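Spelled out, the chains give:
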Amino acid sequence: MKLIKKDEFLNFVDSLIKIDPRRVIGVKSKGNKFIFDTLNSANELRLDYDVTILPPKKYFLPPTETLLKYDLTDKFSVEAVNEVTPLIIIGVHPYDLIALQQMDIVFRDTYQDHNYIRKREESILIGVNIQNVSPYSFAGSMGTATTEEGFDLMLTDLGDEYAIEIGSEKGEAILNKYAKIADADGDTINKVHDIKGKIASKFKKQLNFPPEELPKLLEENYDNELWEKNAQKCLSCGSCNLVCPTCYCFDVQDIVELNLRRGKRVRTWDGCLLEDFAKVATGENFREDRAARYRHRFMRKGKYLYDRFGFIACVGCGRCASACLPDIADPCKVFNALKEG
Amino acid sequence: MSNESIYLPRPATIKNITKFTESESLFELVMDDNRPLNHQPGQFVEVSIMGIGEAPISVSSSPTKKKSFEICVRAVGNVTRAMHRLKIGDKVGIRGPFGKGFDTEFLKGKDILFIAGGLGIAPLRSLINYVLDHRADYGRAIILYGCKAPHELLFREEVISWRKRKDIECHLTVDKVPEGEHWDHNVGVVTTLIPKIDFNPSTTYAVVCGPPIMYRFVIRTLKERGLAEDHIILSLERRMKCGVGKCGHCQINGIYVCQDGPVFNYSEIKDLPEAL
Chain F
261 MKLIKKDEFL
271 NFVDSLIKID
281 PRRVIGVKSK
291 GNKFIFDTLN
301 SANELRLDYD
311 VTILPPKKYF
321 LPPTETLLKY
331 DLTDKFSVEA
341 VNEVTPLIII
351 GVHPYDLIAL
361 QQMDIVFRDT
371 YQDHNYIRKR
381 EESILIGVNI
391 QNVSPYSFAG
401 SMGTATTEEG
411 FDLMLTDLGD
421 EYAIEIGSEK
431 GEAILNKYAK
441 IADADGDTIN
451 KVHDIKGKIA
461 SKFKKQLNFP
471 PEELPKLLEE
481 NYDNELWEKN
491 AQKCLSCGSC
501 NLVCPTCYCF
511 DVQDIVELNL
521 RRGKRVRTWD
531 GCLLEDFAKV
541 ATGENFREDR
551 AARYRHRFMR
561 KGKYLYDRFG
571 FIACVGCGRC
581 ASACLPDIAD
591 PCKVFNALKE
601 G
Chain U
149 MSNESIYLPR
159 PATIKNITKF
169 TESESLFELV
179 MDDNRPLNHQ
189 PGQFVEVSIM
199 GIGEAPISVS
209 SSPTKKKSFE
219 ICVRAVGNVT
229 RAMHRLKIGD
239 KVGIRGPFGK
249 GFDTEFLKGK
259 DILFIAGGLG
269 IAPLRSLINY
279 VLDHRADYGR
289 AIILYGCKAP
299 HELLFREEVI
309 SWRKRKDIEC
319 HLTVDKVPEG
329 EHWDHNVGVV
339 TTLIPKIDFN
349 PSTTYAVVCG
359 PPIMYRFVIR
369 TLKERGLAED
379 HIILSLERRM
389 KCGVGKCGHC
399 QINGIYVCQD
409 GPVFNYSEIK
419 DLPEAL
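Protein chains in written order, with the numbering used here: chain F, 261 to 601; chain U, 149 to 424.
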């Protein structure tokens, strides 16, 4: 573990920005909320944030991403596109780091999706332990309030300085090259350990049972009337999908330039709550019922992806709960209600 | 590890087009690199028309036909309608083959009851022709094929040739015979053929493909005839956008049709509420 004075940390970030301003992303304030955005100066950093509007997923699975470009004046002229900007993302909370590790598994499974994988491999993630808890978040009870992996560097605020855990050689290298650091002593290591141990208990919102019970609970409650009852209020807007750090479904579309000569194939974020999500060309919609779509998202988070990959695909960030206008998307409320029966 | 994009289609050239009906044609394609597609019967490819998009289409030919492959396309969406505007010599993009096809090894020695409704004959034909090309390896081959009206019959000439063969049984039906059309065979949905044929439930496997509505009725009738659930094999349709288990559209509860299917044993999926 290393130590860095706060002003030295800001110098470190500024020197990274100076090397390549396009590369450095951090958490900034926007109105009274927070976002991941390109940093113009280290002073913009708000490492005391509670949660960002969108997770850092947007840098690895962009809302719109070109997969192919082609020339229509030729009989068949297509090339793969993989636009990679190696990013340094500063201020990622543990639940978002865990979500990214889950996405890594998905995009590496069987067919390797290099559009995602290369962006991940070339990026550096500097995490920060949670200082302020979002009222919507229940990460404390999901086991995602802290993490020992998934970061290149991990910061813990100690007042005048940050403790830095090193998670990778890449992380260590930029630190050694650009930052003025000291070694942390035993007391500091203990202090960080204490701070991390207390984070989970800061969350007021809690899942009332261990998350490991979710797959079975959801299986048993497939026909629970709660789905229909809540779905009656659902706007099918897909906001819960859009803000989720573990929603990765996408649509693929061809976009042709106005000259009709060149075009590109892009993927865009899609959401299983949207009405047309499972609709095929013949008009058949395999998940036409709003309640079935509403249920699908929870089943996917707590059971389907668990069955397939072995992880609970809800990290308790609470973004969906805050984005949902009719207030039915909160997984914590839904899971607790199912448990209570 | 290859860094090649899983979304990059390979070019294929249209060698032949056989028009079956107003909206359905058979396209014979050759990969431009001349490599065989190497598919299993029942697998699908993602067909690209650049500038329009991509659509999942099941391969209609048997892999025993090596130099080219065939897809039967109904003009119903953007890509498939654009496909029908193409001519011999034009190019399309191909990704795949994807998914799990029919287990031709497992079916060896078994009697096979093929049940096709409408365009469902397209994926089934890949297995039918495979079985016919390895006829001695399989038991009885019984084909039940139904469509809405006589003029909607696909693969007409081939179906006639199947009916002439002594080593297969082929029964046809249409839902209705519109005025002015001629029809010598059964009238009624494809389910009505099942009680009319004789088969041994312990040695027979039914292989079923058709529109969503068909499965429930066919499965019920097959079970009434004593066929065990694990003797029923289905090929299912879903929105398969990426073909590689990423985009999420083809999920039936927890399974991905593009990876775990499109061919399923009925016993695997019968408890999935979203399957049928």
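Take these hints with a grain of salt, some might be off.
Stated by the list, open to error - Selected chain U positions facing chain F (in silico; Cβ < 10 Å):
no.: 1; residue: His232
no.: 2; residue: Thr339
no.: 3; residue: Thr340
no.: 4; residue: Met388
no.: 5; residue: Lys389
no.: 6; residue: Cys395
no.: 7; residue: Ile403
no.: 8; residue: Asn413
no.: 9; residue: Glu416
Claimed, not checked - Here chain F is said to cover these stretches of chain U; the calculated rule only asks that three of the stretch's residues, wherever they fall, bring their Cβ under 8 Å from a Cβ of chain F:
no.: 10; stretch: 153-160
no.: 11; stretch: 198-207
no.: 12; stretch: 294-308
Stated by the list, open to error - In silico SDA-like links for lysine to any residue, alpha-carbon gap of 25 Å or less:
no.: 13; chain 1: F; residue 1: Lys462; chain 2: F; residue 2: Ile588
no.: 14; chain 1: F; residue 1: Lys335; chain 2: U; residue 2: Asp323
no.: 15; chain 1: F; residue 1: Lys329; chain 2: U; residue 2: Arg233
If you're looking for bench data, these hints aren't it; they were derived computationally from the structure.
No experiment lies behind these values; they were computed from the predicted model shown.
C-beta: ideal position from N, C-alpha, C; glycine also.
Hints that the structure is at odds with (numbers, increasing): When the structure is compared with the hints, numbers 1, 2, 3, 8, 9, 12, 14 turn out to be violated.
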